[in-house]
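Protein sequences appear in the order of chains F and H. 30 is the number that our numbering gives to position 30 of the first sequence; each next residue is one higher, with no gaps. 81 is the number that our numbering gives to position 81 of the second sequence; each next residue is one higher, with no gaps.
The hints are simulated quantities; they were obtained by calculation from the structure and are not laboratory data. Note that the structure is predicted; figures quoted are calculated from it, not measured. All C-beta atoms, glycine included, are put in the ideal place defined by N, C-alpha and C.
Derived CB-CB ranges, DEER-like:
{"#": "1", "chain 1": "H", "residue 1": "Asp24", "chain 2": "F", "residue 2": "Met8", "range": "54 to 64 Å"}
{"#": "2", "chain 1": "H", "residue 1": "Asp24", "chain 2": "F", "residue 2": "His29", "range": "33 to 43 Å"}
{"#": "3", "chain 1": "F", "residue 1": "Val17", "chain 2": "H", "residue 2": "Gln28", "range": "57 to 67 Å"}
{"#": "4", "chain 1": "F", "residue 1": "Ala28", "chain 2": "H", "residue 2": "Pro211", "range": "47 to 57 Å"}
{"#": "5", "chain 1": "F", "residue 1": "Gly23", "chain 2": "H", "residue 2": "Asp161", "range": "51 to 61 Å"}
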Amino acid sequence: MKLLKFGMRFWITLTSVFSFLVGWAMLAHAPKPVQASSLQSTSSVAPLPTLAPLQPLNFSSAGGIQQQQFSVVQPAAPAPSFFSSAPVFNSGGS
Amino acid sequence: MQTLEFRAMSTNVLIAAEGHDWADYGLQATRAYIDEAERRFSRFLPDSELSQLNRAAGTWFEVSDDLMDMLEQSLDFYKETDGLFDPSILPDLKRVGYDKSIDEIRAQGKVVDTPASSRTPRPAFSEMKLDLAGRRAYLPAGMEIDLGGIAKGWIIEKAADLLSSYSAVCAVSIGGDMVFEGYLMDGSDWRVNVEDPRDPTQTAAAIHVGPGAVVTSSVAKRSWNQAGQTRHHLIDPRTGEPAQTDWLSVTVIAPQITTAEVYAKSLLIGGEGQAASLATQRPEIAYLAIKSDGTLFGSENSKEFLNDFSYI
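Chain F on its own, in the form it takes in the complex:
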């Protein structure tokens, strides 16, 4: 009985030490995680085109009674979207 207990303890100790060493070796050889700061420093940002200013815009009410002048401010660049990369559509007749 004593011999069996000793054998069991020896086996458990041996496998634990072996598993620990194997895990250590695997982690030591695994690729390092990329740091957020290094991502920022390596990513490139495409320059946005500069658009020419638009002419004044006349808005009319449906009845043509009121007319107001506006100046269209250049559209802001759309914020990058995590969910979708929907294309920007062009409309200009065909």
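With chain F fixed as given, assemble chain H onto it according to the hints.
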């Protein structure tokens, strides 16, 4: 989002759908539908249903449900716009040189050899008769119709219906006329750049829209030279000649694309003088016009679609 680009109806097509496998199946099915619809309704294909209807002028002709729907809508819009939208201007279109596809005209250097001639009397579009129960249409002798002012929008609408059965978030754009279904996953609107008709590589205004339609009519894209004169495809039904208008292009935003398409053309032909009266017919539409001097003119409700603007 998956996209598919190809060429149909002598113009560029862009369709897009959110998702993966199903979206891809949807894009392929939509492309097949658009190709088939072009074969059915093009006036440049002698075997199309529309060409057969035109050849049958003077007799009753059995039409499909789809063509009947287009003819019925055309008649309603003809009355609503006091004839500014008129599909029966085909003889005038041919007379000013648009008797072949725009791709063929471009291939021959945008110069047509059709001799200039004066207008001949023709039946009014209101004389077309429709037998809804019998699914028959009657064009009076001498009438030829071109559904270019409505068929593209009608096809886009059906194509978007089909694509939305595969993906609830999708878009169909043919030659810059487009329908959007659903909202983008991040909650943002669809973005549309309105081209400057004086230089289509430039954007005149950027707009954002939800589900609905955006259509632009322009005198700049389909133009050619006939006997030294510059011609374009937007015929003023009152004169039978290419419209002499102070607006180079009109962009219409509307819930329904057929309405947007008809009103973009009607507003362009009617110009600033008739814009107010036309717009009161359809308060749900917003329009943005670009004049030949580069200034923009918009309906009051178009402000909500512009990305940004300020008072001056």
